Amino acid sequence: MAPLPQFAADTALVLRMYRAMTLVRVFDAKAVNLQRTGQLGTYPSSLGHEAAHVGVGAAMRPEDVLAPVYREFGTQLWRGVTMTEILTYWGGDERGSDFAVPRQDFAWCVPIATQTLHAAGAAMAFKVLKQPRCALAYIGDGGTSEGAFYEALNLAGARDLPVVFVIINNGWAISVPVAAQTAAQTLAQKAVAAGIPGVQVDGNDVFAVREVVGEALEAARRGAGPSLIEALTYRLSDHTTADDASRYRSGQEVKDAWALEPLIRIRDFLINAGLWDGAKEQALLDECTLKVDAAVTEYLGKAKPSSDAMFEHLFAALPARLHEQRLIARKYASKPSGH
Amino acid sequence: MVEAIAMAHGWEMQHDANVVVIGQDVGANGGVFRATAGLQERFGKDRVQDTPLAEATIAGMSVGMATHGLKPVAEIQFMGFLYPALDQIVNHMSRMRNRTRGRLSCPVVIRTPHGGGIHAPEHHSESTETMLCHIPGIRVVCPSSPVRAYGLLLAAIRDPDPVMFLEPVRLYRAMRQEVNDDGQALPLDVCFILREGCDVTIVTWGAMTMETLRAVTELDKRGISAEVIDLATLSPIDIETILASVAKTGRLVIVHEAARNVGVGAEIAALVAEHGLYDLLAPVQRVAGFDTIMPLFKLEHDYIPSVQRIIDAVEHTFAG
Chain D
1 MAPLPQFAAD
11 TALVLRMYRA
21 MTLVRVFDAK
31 AVNLQRTGQL
41 GTYPSSLGHE
51 AAHVGVGAAM
61 RPEDVLAPVY
71 REFGTQLWRG
81 VTMTEILTYW
91 GGDERGSDFA
101 VPRQDFAWCV
111 PIATQTLHAA
121 GAAMAFKVLK
131 QPRCALAYIG
141 DGGTSEGAFY
151 EALNLAGARD
161 LPVVFVIINN
171 GWAISVPVAA
181 QTAAQTLAQK
191 AVAAGIPGVQ
201 VDGNDVFAVR
211 EVVGEALEAA
221 RRGAGPSLIE
231 ALTYRLSDHT
241 TADDASRYRS
251 GQEVKDAWAL
261 EPLIRIRDFL
271 INAGLWDGAK
281 EQALLDECTL
291 KVDAAVTEYL
301 GKAKPSSDAM
311 FEHLFAALPA
321 RLHEQRLIAR
331 KYASKPSGH
Chain A
1 MVEAIAMAHG
11 WEMQHDANVV
21 VIGQDVGANG
31 GVFRATAGLQ
41 ERFGKDRVQD
51 TPLAEATIAG
61 MSVGMATHGL
71 KPVAEIQFMG
81 FLYPALDQIV
91 NHMSRMRNRT
101 RGRLSCPVVI
111 RTPHGGGIHA
121 PEHHSESTET
131 MLCHIPGIRV
141 VCPSSPVRAY
151 GLLLAAIRDP
161 DPVMFLEPVR
171 LYRAMRQEVN
181 DDGQALPLDV
191 CFILREGCDV
201 TIVTWGAMTM
211 ETLRAVTELD
221 KRGISAEVID
231 LATLSPIDIE
241 TILASVAKTG
251 RLVIVHEAAR
261 NVGVGAEIAA
271 LVAEHGLYDL
281 LAPVQRVAGF
291 DTIMPLFKLE
301 HDYIPSVQRI
311 IDAVEHTFAG
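Which chain is which? The protein sequence lines are D and A, in order. Letter by letter, the first sequence follows residues 1 to 339 of this note's numbering. Letter by letter, the second sequence follows residues 1 to 320 of this note's numbering.
No lab work stands behind these hints, which were simulated from the structure alone. It is possible that some hints are incorrect.
Unchecked claim - Covered stretches of chain D, going by a simulated chain A footprint (3 or more residues, C-beta under 8 Å):
| no. | region |
| --- | --- |
| 1 | 17 to 27 |
| 2 | 175 to 181 |
| 3 | 242 to 253 |
| 4 | 259 to 272 |
| 5 | 305 to 311 |
To be verified - Derived DSS-like pairs: lysine-lysine, alpha-carbon spacing no greater than 27 Å straight-line:
| no. | chain 1 | residue 1 | chain 2 | residue 2 |
| --- | --- | --- | --- | --- |
| 6 | D | Lys127 | D | Lys291 |
| 7 | D | Lys291 | D | Lys304 |
| 8 | A | Lys248 | D | Lys302 |
| 9 | D | Lys30 | D | Lys291 |
| 10 | A | Lys221 | A | Lys248 |
| 11 | D | Lys331 | D | Lys30 |
| 12 | D | Lys302 | D | Lys255 |
| 13 | D | Lys291 | A | Lys298 |
| 14 | D | Lys127 | D | Lys304 |
| 15 | D | Lys302 | D | Lys30 |
| 16 | A | Lys221 | D | Lys331 |
| 17 | A | Lys248 | D | Lys331 |
| 18 | D | Lys291 | D | Lys280 |
| 19 | A | Lys221 | D | Lys304 |
| 20 | D | Lys30 | A | Lys248 |
| 21 | D | Lys291 | D | Lys302 |
| 22 | D | Lys304 | D | Lys280 |
For clarity, every value in this text was computed on a predicted model and none was experimentally measured. For each residue, glycine too, the CB sits at the ideal point set by N, CA and C.
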């Protein structure tokens, strides 16, 4: 086992990461509950991914650009996206993608793997404009089967772009396990053919993730090129609230994965360092619950957008041809209301 | 309707050993909508295969399998995920027979969910059939009921050429109907008259048949007798049935969920203008989705044409 990275001595940072991981865990449970009670649309739980997501968030700089998939709430919250925005999007309202902060991050990417090319393109922009910034794209284990993923790796390598690709290998692409997805022994080795470095990291270890991703970003920033990181973790939840994983994977496998879930080890680290105890844990959970409840209240209080929203931002200026349709939409729109 | 689709797969796999089902999560999971439920247990992992997560793979391997003895029935999980497959569909699947002068062909069915209305996430609710109808050499089919889904899917699988089979998501669970599992296919390339009438012809397809039939019930009360035609095969269009109806009623309203601009409704209106203009007593009306991005689900019912919009469009053909 590698020695702890230097930043592990930064108590404030480690505590901040633990708090962020706990917050996203509490948020996630609430979001699933909102969906179950008909107050949210289909929602992709991030349960079990907290170390990978928060570790990446903590490694990035604010001026870097994130190209997420759709599950990396821990990274997004770290970067300033709000819980209300996340709920708004998954509640079926485009306003959720209009992040107050970070203004230049990409929004969620539901089509698979397309975002990896956007990150490569953003990195190309940074290179051409001589800005000391990096792009970071997430992708799932299943997504690495898509052509767009290989194209992004190839482009990044061929043009030496300041971009980092992070594969969240959680074992399952809905019902398809990694072993049925590819004959490659690791997903990190997919970097080899693109001529860029590829490494694996324990995705349930927030220290390791922050360290490995941080190094990759700094290398990219100083012009040493792109890299691919495979973070090994486990999807403790169903794929989304529309999925029932009991159809295709064993309960024992999930039970075993819980023993390795990422909050346990950072909490143990804090306890062993004398920085944490039961009372602090309870206070943190209470604080997280209050924050989540406040976000939920704000989300539920948002009025339904008007039908005009379909026509807003379609173009910089709405073509005259569409004015009539906007009027028709108004005429037949259901009455604006809350939920 | 989703059970009828699974049933049609089962019948044809039972009776034709060359039929194979491929797609994402079609195996142990039985498809995200359960349209392939139970098939892998019944027919094994060679004939019901989960593919890697890659739509170009699904379409491209279908070309290879179909040209060499198999009949792939492929599922693309949502229509919004179809686009990586289009290169294979446009450049190879649709023209294989033509460019090899009949030497090779592609008996492939690509099934994909179609349309909105079920509170799904982004990219899960679009209806972009017009993009497919523009491709020569493929058929585009959209069933409007469980009975239609069963019979048309059998026909699609048995057809020697590629068929895009669009399954309206609103009908998957909303619509229940007794379906005889008798292996009887319905014909492709023809419309179905859902209801006879004498004052106005309404042409629609897929899930919009629901709103249309509700509108027609209301129009009855107002003394307007509407004939409702389910287009069913969106390409090529059975224009004869539509022209015969318009010759009888003198009025035409076309209802579709997809955006209006260059929609299938525009083709129908053009064909009627070319061949049946003098039968028309009023301008053709189109009731369609707006030329906007399909909104996320808070507004999806403001996008999908409402019963009232259909009623108003029909009444408009009687105005003046």
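Taking the hints in turn, this is what the structure says about them:
1. 17 to 27: Violated - the region 17 to 27 of chain D has 0 residues with a Cβ nearer than 8 Å to chain A, which falls short of three.
2. 175 to 181: Satisfied; 4 residues make the cut.
3. 242 to 253: holds (count 4)
4. 259 to 272: Coverage by chain A is violated for the region 259 to 272 of chain D (0 residues, Cβ < 8 Å).
5. 305 to 311: holds (count 5)
6. Lys127(D) x Lys291(D): 39 Å, violated
7. Lys291(D) x Lys304(D): Roughly 23 Å separates the two Cα atoms, so the pair holds.
8. Lys248(A) x Lys302(D): Since the Cα atoms of Lys248(A) and Lys302(D) sit roughly 51 Å apart, the hinted pair is violated (cutoff 27 Å).
9. Lys30(D) x Lys291(D): 11 Å, holds
10. Lys221(A) x Lys248(A): 21 Å, holds
11. Lys331(D) x Lys30(D): 37 Å, violated
12. Lys302(D) x Lys255(D): 38 Å, violated
13. Lys291(D) x Lys298(A): 25 Å, holds
14. Lys127(D) x Lys304(D): Violated: Lys127(D) and Lys304(D) sit about 41 Å apart, past 27 Å.
15. Lys302(D) x Lys30(D): 18 Å, holds
16. Lys221(A) x Lys331(D): The given pair, whose Cα atoms are some 23 Å apart, holds under the 27 Å limit.
17. Lys248(A) x Lys331(D): Roughly 32 Å separates the two Cα atoms, so the pair is violated.
18. Lys291(D) x Lys280(D): 16 Å, holds
19. Lys221(A) x Lys304(D): Measuring from Cα to Cα gives roughly 34 Å; hence the hint is violated.
20. Lys30(D) x Lys248(A): Outside the cut-off at roughly 58 Å; violated.
21. Lys291(D) x Lys302(D): 17 Å, holds
22. Lys304(D) x Lys280(D): It is violated: about 39 Å lies between the C-alpha atoms, which goes past 27 Å.
The structure is inconsistent with the numbered hints 1, 4, 6, 8, 11, 12, 14, 17, 19, 20, 22, although it conforms to all the rest.
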